[in-house]
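A.B. asks: Residue numbers (our numbering), protein chains in the order written: chain G, 4 to 420; chain L, 4 to 420.
Don't take every hint at face value.
If several chains are the same, the list does not tell them apart, and a pair holds so long as it fits within one copy or across any two.
Said to hold, decoys possible - No farther apart than 27 Å at their CA atoms in a straight line, the calculated lysine-lysine pairs in the DSSO-like style are these:
{"#": "1", "residue 1": "K248", "residue 2": "K213"}
{"#": "2", "residue 1": "K303", "residue 2": "K248"}
{"#": "3", "residue 1": "K350", "residue 2": "K126"}
{"#": "4", "residue 1": "K303", "residue 2": "K313"}
{"#": "5", "residue 1": "K342", "residue 2": "K10"}
{"#": "6", "residue 1": "K303", "residue 2": "K319"}
{"#": "7", "residue 1": "K34", "residue 2": "K248"}
{"#": "8", "residue 1": "K35", "residue 2": "K248"}
In case anyone wonders, no lab produced these hints; they're calculated from the structure.
Number of protein chains: 2
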Amino acid sequence: MTSTNQKASSGIQQDRLWQRLMDLASIGATKKGGVNREALTPEDNAARQLVQGWAEARGFTTHIDDIGNLFFRREGTDPDADPVVTGSHIDSQPTGGKFDGAYGVMAGLEALEACEDLGIVTKRPLEFVAWFNEEGGRFQPATMGSGVYAGSMDFEKMLDVVDREGVRVRDDLPASLVATAGAKPRAFGSPIAAYIEAHIEQGPRLEIEKKTIGVVTDIQGCRWFSVEVLGEEAHAGTTPNAARKDALKASLAMIHEIQELMDDPSDILRFTVGRMDVEPNSPNTVPARVYFTIDFRHPKMKVLTEKGDKIEGICKRHAGDLPLTVTQTYSVPPTIFNKNVVGQVRKATEALDLPNLDMLSGALHDAKYMNDLAPSGMIFVPCERGLSHNEAESAEPSDLADGARVLVDALVALANQ
Amino acid sequence: MTSTNQKASSGIQQDRLWQRLMDLASIGATKKGGVNREALTPEDNAARQLVQGWAEARGFTTHIDDIGNLFFRREGTDPDADPVVTGSHIDSQPTGGKFDGAYGVMAGLEALEACEDLGIVTKRPLEFVAWFNEEGGRFQPATMGSGVYAGSMDFEKMLDVVDREGVRVRDDLPASLVATAGAKPRAFGSPIAAYIEAHIEQGPRLEIEKKTIGVVTDIQGCRWFSVEVLGEEAHAGTTPNAARKDALKASLAMIHEIQELMDDPSDILRFTVGRMDVEPNSPNTVPARVYFTIDFRHPKMKVLTEKGDKIEGICKRHAGDLPLTVTQTYSVPPTIFNKNVVGQVRKATEALDLPNLDMLSGALHDAKYMNDLAPSGMIFVPCERGLSHNEAESAEPSDLADGARVLVDALVALANQ
Chain G
4 MTSTNQKASS GIQQDRLWQR LMDLASIGAT KKGGVNREAL TPEDNAARQL VQGWAEARGF
64 TTHIDDIGNL FFRREGTDPD ADPVVTGSHI DSQPTGGKFD GAYGVMAGLE ALEACEDLGI
124 VTKRPLEFVA WFNEEGGRFQ PATMGSGVYA GSMDFEKMLD VVDREGVRVR DDLPASLVAT
184 AGAKPRAFGS PIAAYIEAHI EQGPRLEIEK KTIGVVTDIQ GCRWFSVEVL GEEAHAGTTP
244 NAARKDALKA SLAMIHEIQE LMDDPSDILR FTVGRMDVEP NSPNTVPARV YFTIDFRHPK
304 MKVLTEKGDK IEGICKRHAG DLPLTVTQTY SVPPTIFNKN VVGQVRKATE ALDLPNLDML
364 SGALHDAKYM NDLAPSGMIF VPCERGLSHN EAESAEPSDL ADGARVLVDA LVALANQ
Chain L
4 MTSTNQKASS GIQQDRLWQR LMDLASIGAT KKGGVNREAL TPEDNAARQL VQGWAEARGF
64 TTHIDDIGNL FFRREGTDPD ADPVVTGSHI DSQPTGGKFD GAYGVMAGLE ALEACEDLGI
124 VTKRPLEFVA WFNEEGGRFQ PATMGSGVYA GSMDFEKMLD VVDREGVRVR DDLPASLVAT
184 AGAKPRAFGS PIAAYIEAHI EQGPRLEIEK KTIGVVTDIQ GCRWFSVEVL GEEAHAGTTP
244 NAARKDALKA SLAMIHEIQE LMDDPSDILR FTVGRMDVEP NSPNTVPARV YFTIDFRHPK
304 MKVLTEKGDK IEGICKRHAG DLPLTVTQTY SVPPTIFNKN VVGQVRKATE ALDLPNLDML
364 SGALHDAKYM NDLAPSGMIF VPCERGLSHN EAESAEPSDL ADGARVLVDA LVALANQ
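Whole structure, please, built from the sequences with the hints as guidance.
C.D. replies: Structure (structure tokens):
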């Protein structure tokens, strides 16, 4: 099969892949060169339509499930065989970049087009997928589409998730489904033979170590929390400290101690307070309500459990008599990818003679949920200064093309196993 | 004169004063029983119209200056004498109460009505005033109307002040001026013989010490700062601490050290971080920008100078290489009120046999700027649990009426001096 695989990667066209990425990035483009394309917005819907148009123009068929995960299929020789799937997502952070997610979907399209161009025949069908709402900025939790598909999240519950304005997934989903009309229905959990996701690293390691391909062996686990502290509005000039119920002061004390708990000289642990809402948010009024989030990640379950379980106690101690709610909004154990899939990615990388290293994924990806359903793996390519979730996110066209070469060779190998 | 003064206070009608306060509170009323009537909003304009209607129905004449300070005048026997003025403001915090400011304006109306009802004759005219934009929640700085009237703030500069949506004072002021049509023009800085402002205490002291009247001798000084820290958006799961530029983490470290600087076991110093804006405010993105405010007050200039001057240095140290802007947005030295006015307030209080104490004002008031222009003083009445800048703000009708009794007697005494 080696010769066929080589042939597939030789069909990857760097310029076509780059142009598709730029075209996709024009939808929801921001002034600073990034993308604002949150799930179920008109921009997200338009991007989905654009990808559908490209796929169908090459004769691939579109399939969609009830939450809007979009699958584009190139048939194999065995009509009954489960497909080998690649893909990622095209929704973005509110101030996201051009490559996070979009690269995995466009690399999937490029892989199928390369096969099509070269007349590569596979036993199993090949599919690329655009998962619904991976980012979770607007509707939490993240990775909602793949989570529901894999059965790890409840479809009905997800429909009732609301954004900051009180809009439910249920309210905006119909317009999104209508945007990709003509797609064939796909049932949640329909079997997948194997899954590979290509993605920018979103961290600095490949760039620092001058490698082109990251062979991803596992994903660190993560726990998300939201904390709400209720204080009491009072005049900033007159109210003595002893009489204050300052929700912000209490919140800052909580975060200060949690930062100490999360201190890690080895710099493996990830701890972020990314969101903080203060009410009434007036300079001369003592804050009456604070809502903040905690994003905590680590490759070891033991660390996630031990440190994560201490968060609520710390918050309680600093809240004193202020009403407090600590909610774990998301919890994902570390993922170990399938040895066969990881092996095929490594084999394709080495056959193409690309500088590579085995690595952990710091970010969560849809591949996490796919790994519960099917043997899965991931391919990382470098991004500039490791920046992601940032409008300045950038990547080299040649690295992106090399990632697609590894991807298509591994996909074809898996589809003919 | 003692008998005349007694006569004036005997005209105060507790029920009329209370009803006027409740009627005024219906404009911009919030579900939680408070008021949202920020400066230059339609609600603020409607409230100004309502007060004008009440005043003119009693034969008082309305005067207005170019920034919208509204004066309501009852003539005296000497047409050339400068007026004795009382008043406060009717704009509110976004989640404010029924009494902050409104009480001083309605007590002023009640004082003039009591004189009218009883046919009290004064040498000097009596006026009550509703100052423009005292709260400063929407347009900073606070006490803008009295500051401009007294010449401490520049009118043209204030016209260019913008709210959070970018609307300038200049844009919304015309609609406010039109709302109170028919008012006679008043020049900024027109002389005032004496000024007394009645206000709820906005602190707990009178209630705790079971006193009805606070004879206010001075106002603590204050310094306001805004701090902007620029970081860099990055993925919360992948970016090592060493590679992060976390604007929120840096801000929290600044605030933590400033809190230590401001620690005051005697609980006289007031330090508040009331507003904090985080961008992009997404749970899994390292914050790229944080804006927060500092409200710092103390009765001693030395403390304001020594501690306030350390704020920027602390911020710089914790900002490291993140771009930082520390701006002092407001600075007001402590105020010492006029001995004659304070004496008249104390005398009226004692003549009415009301439990009282001399006290400091923790909050800033329009009386601060009036004190630069004319001999000034203030009268405090208790409010429940000291709560203010809070929709639950509350006060006893009998305390409010007692404050108006002291006010009218002191006003008449000053108007006949």
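A.B. asks: All the hints need checking, so say for each whether the structure fits it.
C.D. replies: Against the structure, the hints come out as follows:
For the identical chains of this complex, K248 and K213 are inter-copy neighbours only, at 23 Å across copies versus 52 Å inside a copy, given an alpha-carbon limit of 27 Å. In this assembly of identical chains, K303 and K248 lie within 27 Å of each other by CA distance solely across copies; the values are 25 Å between and 38 Å within a copy. Taking CA atoms no more than 27 Å apart as the test, K350 paired with K126 passes inside one copy only; the shortest distance there is 20 Å, against 102 Å between copies. In this homomeric assembly, K303 and K313 come within 27 Å of each other (Cα to Cα) only inside a single copy, at 16 Å, whereas the closest approach across copies is 43 Å.
Within a single copy, K342 and K10 get their C-alpha atoms as close as 24 Å, which meets the 27 Å cut-off; across copies the closest is 96 Å, which misses it. Proximity of K303 and K319 under a CA criterion of 27 Å is satisfied intra-copy only: 26 Å inside one chain copy versus 36 Å between copies. In this assembly of identical chains, the alpha carbons of K34 and K248 lie at most 27 Å apart only when taken from different copies (22 Å versus 41 Å within one copy). For a Cα distance limit of 27 Å, the shortest separation of K35 from K248 across copies, 18 Å, qualifies, whereas the shortest one inside one copy, 40 Å, does not.
Violated hints are absent here; each numbered hint is respected by the structure.
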